[in-house]
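Trainee: Each chain is listed here by its residues.
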Amino acid sequence: MSKSASLATIGSIRGDIVAAANTNEEQYVTFTVGNEEYGVNILSVREIRGWTPESRLPNLPDYVRGVINLRGIIIPIFDLRARFGGGTTEVTKRHVVVVVQVGERTRGILVDAISDILAISQDQIKSPPTMETGMVESQYLSGLFTAENRMVTLLDVARLFAVETGDDEHANQRGVVNDRPH
Amino acid sequence: MEDLQQFKQTYFDESGEFLAGAEAGLVRLTPGNVDLDEVNAIFRAVHSIKGGGGAFGFSELVAFAHEFETVMDGVRSCTIVVTDDLVDTLIRANDVLGQLLAHARNGTKPPPGFADPVVAALKRNALITGDAPAGPESAGPDVAAATDPTAAVRTVTIRFQPKADLLMTGNDPTFMLRALKHLGTAEIECDVGGLPTLAHLEPELLYLQWLVTLTTSATLLDIQDVFEFVSDDSLVEITEHGTEAVNCSASTTSASPVTPATASLAPIGGTGTSAAAIVGDPLSQLTVYDTPVAAAATATETAKAATGKSSATGDGGHLNLGGHTIRVDLDKIDRLVNMVGEMVITQAMVAEHVRDLPPGEFQELLEGLEQLAQHTRELRENVMSIRAQPVSSVFSRMPRLVRELSSETGKDVVLVTAGENTEVDKTVVENLVDPLTHMIRNSIDHGLETPEDRIAAGKPRTGTVHLSAQHRSGRIVIEVADDGRGIDRPKVLQTAVKRGLVQPGISLSDEEIDNLIFVPGFSTADKVSSISGRGVGMDVVRRNITNLGGRIGVYSAPGQGSRFVLSLPLTLAVLDGMVISVGPERFVLPLTNIVESLRPKQADLHGLVNKCDVMMARGEYVRLVYLHQLFGIPGAVGDATKGLVVLVETEEGGRLGLVVDEVLGQQQVVIKSLESNYRRLDGVAAATILGDGRVALILDVAGLQEMSQHARSPAPRQITDASIQLQAL
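These protein sequence lines are chains A and B, in that order. In case it helps, my numbering puts the first sequence at residues 1 to 182. In case it helps, my numbering puts the second sequence at residues 1 to 729.
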């Protein structure tokens with residue numbers, strides 16, 4: 001049960017955050033998708049859970065896997081691999097969903113595996129190389145971090161699926177054809 | 001500060017209830033039929049609003065409430081005669097009070113002079129008094145500044161009969177008698193009839209009672225106050241003389257003055273019983289009056305100690321306070337409802353998993369689970385019932401509407417309501433106001449004839465509108481029926497043709513014609529009145545009702561009237577649905593949308609231009625919509641002759657055939673929002689969680705129809721009402 005172990009770790013680390021608050025350090029949960037490693041701020045992570053089959057949503061891009069039942073609330077699951085153009089993930093029992101909280105809203109991110117929890121201070125974060133204009137990606141990259149000899153891409157979860165979840169004003173421009181009250 | 005804010009909130013909440021209660025009471029107030037209990041309740045409501053307003057320093061509100069209260073007090077003490085004009089003024093005053101409350105709540109100032117016309121009307125009314133020889137009037141504006149308006153000088157008989165052990169509680173009757181003397185001229189007689197023989201006399205007990213004849217201008221409340229501390233330990237009976245001529249009772253406006261001691265009355269309210277028992281035989285003719293009965297039956301004002309006290313101090317002065325209640329934040333209840341919903345799902349999930357266990361081995365487990373299932377069901381019903389409210393909160397608004405409409409249209413109308421206590425979810429109740437208002441307007445404006453026409457048709461001059469509610473098979477059914485002229489079918493058809501809603505020369509059944517009134521943009525009123533006839537009538541009602549998951553039907557007989565029947569779910573949190581499957585996915589179709597499901601033969605299917613398939617069903621051609629195509633689901637059956645066609649009907653009446661793989665069964669599902677964590681999707685109304693814990697989407701039939709039109713048929717959209725589908729295709 002490596003999942004519950006990592007949950008426990010997160011819990012204890014959350015407790016340490018107060019201690020770490022004086023320094024410039026913040027905790028990041030890192031996970032792998034293929035050969036790449038990504039990190040999100042631990043404060044936005046609500047829980048980490050094993051993969052459960054999703055219910056598909058109609059007529060959406062492939063990185064929107066569908067919705068699952070998280071103890072009575074319905075949350076969308078996004079496939080990070082598909083989001084970065086790597087094709088849809090072939091899920092196994094070992095795949096993991098990182099449940100993140102953005103404001104009042106909860107969503108899940110499908111990743112391959114949890115890898116680490118890192119304490120990173122702000123001055124250790126390198127800004128990503130300037131990308132071509134028009135590449136959306138730069139919006140949700142909050143920086144790069146070198147851990148030993150790996151590069152960890154730090155993601156801004158609030159922006160990661162902002163468009164798809166209707167969090168920002170882009171949502172209003174999307175064709176909401178049917179605005180009937182229900 | 002925070003605390004004060006919280007109290008303010010409570011005050012506004014309560015005041016809202018008081019206002020609603022007062023309005024309901026005022027509407028029932030009719031000349032010659034004055035229910036003193038109701039008048040008292042209204043008085044208390046206004047008084048409570050005034051009292052609370054004073055505590056928070058809402059001076060304008062208090063000043064106005066005071067005028068209002070003064071008049072109500074006059075009505076209460078029968079010094080002001082109830083007339084139609086008075087009732088109108090009071091209703092207006094109630095409105096103004098509500099507006100002032102709203103201003104106070106928002107922290108805004110009402111425009112200067114805003115309440116003046118009503119205040120003037122109130123003052124004018126305060127001067128209109130009964131023609132009783134009641135001595136100087138004092139309820140007028142000149143003494144309005146006094147905290148409690150005083151009543152006329154008259155004679156009051158007070159029978160004061162303390163409990164035998166009164167002295168042991170440290171009370172002394174002398175004080176009360178002395179206090180009474182301060183109120184006016186008192187003649188005090190002591191009744192020693194209760195004294196036992198010396199041998200049986202207990203020196204610590206009190207055997208005396210008193211009869212005081214008091215000539216005073218003090219109000220009843222003042223007199224009751226004297227006995228405030230002993231009211232639990234004594235029998236106090238106060239009878240007013242000299243005001244009998246102003247008779248508040250409905251039937252006996254000319255009743256002869258009643259001699260109080262001999263008045264035979266319905267005995268004995270709750271608190272009085274013990275007191276009466278103590279006095280013993282010789283005095284048993286002294287009955288404790290139960291206030292409502294006594295007040296209605298005679299002109300005597302009897303103070304039952306408890307009632308008097310509560311109205312004097314304002315505690316417990318709630319209207320219709322039926323039992324113990326508690327005010328709970330709605331969010332808390334919703335969370336509870338949500339959690340119980342989860343429990344039901346989890347329980348169903350467990351039940352599904354253990355179903356395959358060998359019964360012999362796991363007998364106890366299975367029995368336990370069966371019990372758990374029962375308890376969960378019960379729990380859910382109980383929790384749902386917390387949110388339930390009687391429809392009376394909506395029904396009670398209607399008499400006023402009818403009253404207004406009646407005077408606007410010049411038609412005599414009586415509203416008869418039934419089943420006000422039928423309970424339904426709060427949200428449903430709240431959303432019923434508009435549709436019901438509209439339907440009753442419609443009934444009075446279009447349904448009922450003018451008095452002349454009615455008499456000419458051999459009907460009673462006064463039209464009747466029936467409004468009733470009842471539970472029927474897990475739904476609430478509300479009917480609005482009138483005994484008017486019924487739907488004028490030729491005229492409806494003619495109008496529909498004129499508006500281009502129906503092609504000329506089409507023959508429609510009576511039912512189809514009746515249903516045309518629900519088509520958007522339809523109105524038969526010859527001229528647009530201020531009441532209805534703007535053409536935004538019944539179609540809006542229908543949409544409101546269907547948005548609540550309900551249906552509306554109309555039944556009409558020419559010359560005899562029309563009947564509108566609403567059927568609504570008891571709660572919005574749960575939906576009756578049909579679970580269907582398409583490929584590996586499962587969906588829920590709201591049962592209200594489903595007409596029938598069938599497997600068509602190849603011969604029933606036809607291709608139309610643009611590759612749109614149509615099917616013959618029940619004598620109509622219905623367009624087929626392949627759900628797997630629309631939603632892009634792989635691995636579905638796809639062939640209507642091998643799968644199933646579910647014939648569905650949208651709220652607007654348009655029909656289509658949804659091609660699905662299988663119909664899995666009917667189920668009650670808990671509605672979950674997709675938007676709270678994601679966003680709206682076309683063709684999807686909401687989501688739910690099925691017994692196995694998986695999410696299923698609840699389909700939005702109207703959305704599907706729209707999607708399919710955008711996706712497949714570029715042909716111009718036809719009018720899609722069911723009743724005119726015939727000619728549309």
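Errors might be hidden in some of the hints.
Label pairs and their in silico Cβ distance ranges [what the hints assert, rightly or not]:
#, chain 1, residue 1, chain 2, residue 2, range
1, B, Ser59, A, Ile73, 46 to 52 Å
2, B, Gln666, A, Glu25, 30 to 36 Å
3, A, Arg49, B, Phe362, 25 to 31 Å
4, A, Ile73, B, Asp13, 58 to 64 Å
5, A, Arg49, B, Leu365, 43 to 49 Å
Within a straight-line C-alpha distance of at most 25 Å, the following computed DMTMM-like cross-link-like pairs (lysine to aspartate or glutamate) qualify [unchecked claim]:
#, chain 1, residue 1, chain 2, residue 2
6, B, Lys426, B, Glu352
7, A, Lys93, A, Asp123
8, B, Lys498, B, Glu511
9, A, Lys93, B, Asp692
10, A, Lys93, B, Asp191
11, A, Lys93, A, Glu36
12, B, Lys332, A, Glu104
13, B, Lys601, B, Asp576
Computed footprint of chain B on chain A; a stretch qualifies when at least three of its residues, placed anywhere within it, have a C-beta under 8 Å from a C-beta of chain B [stated by the list, open to error]:
#, segment
14, 58-69
15, 104-111
16, 145-154
Read the hints as simulated data drawn from the structure, not as lab findings. The model shown is predicted, which means the values in this text are computed figures rather than measured ones. Cβ coordinates follow ideal geometry from the N, Cα and C atoms, glycine included.
Trainee: Would you list, in rising numerical order, the hints stated earlier that this structure does not obey?
Mentor: 2, 4, 5, 6, 7, 10, 13, 16
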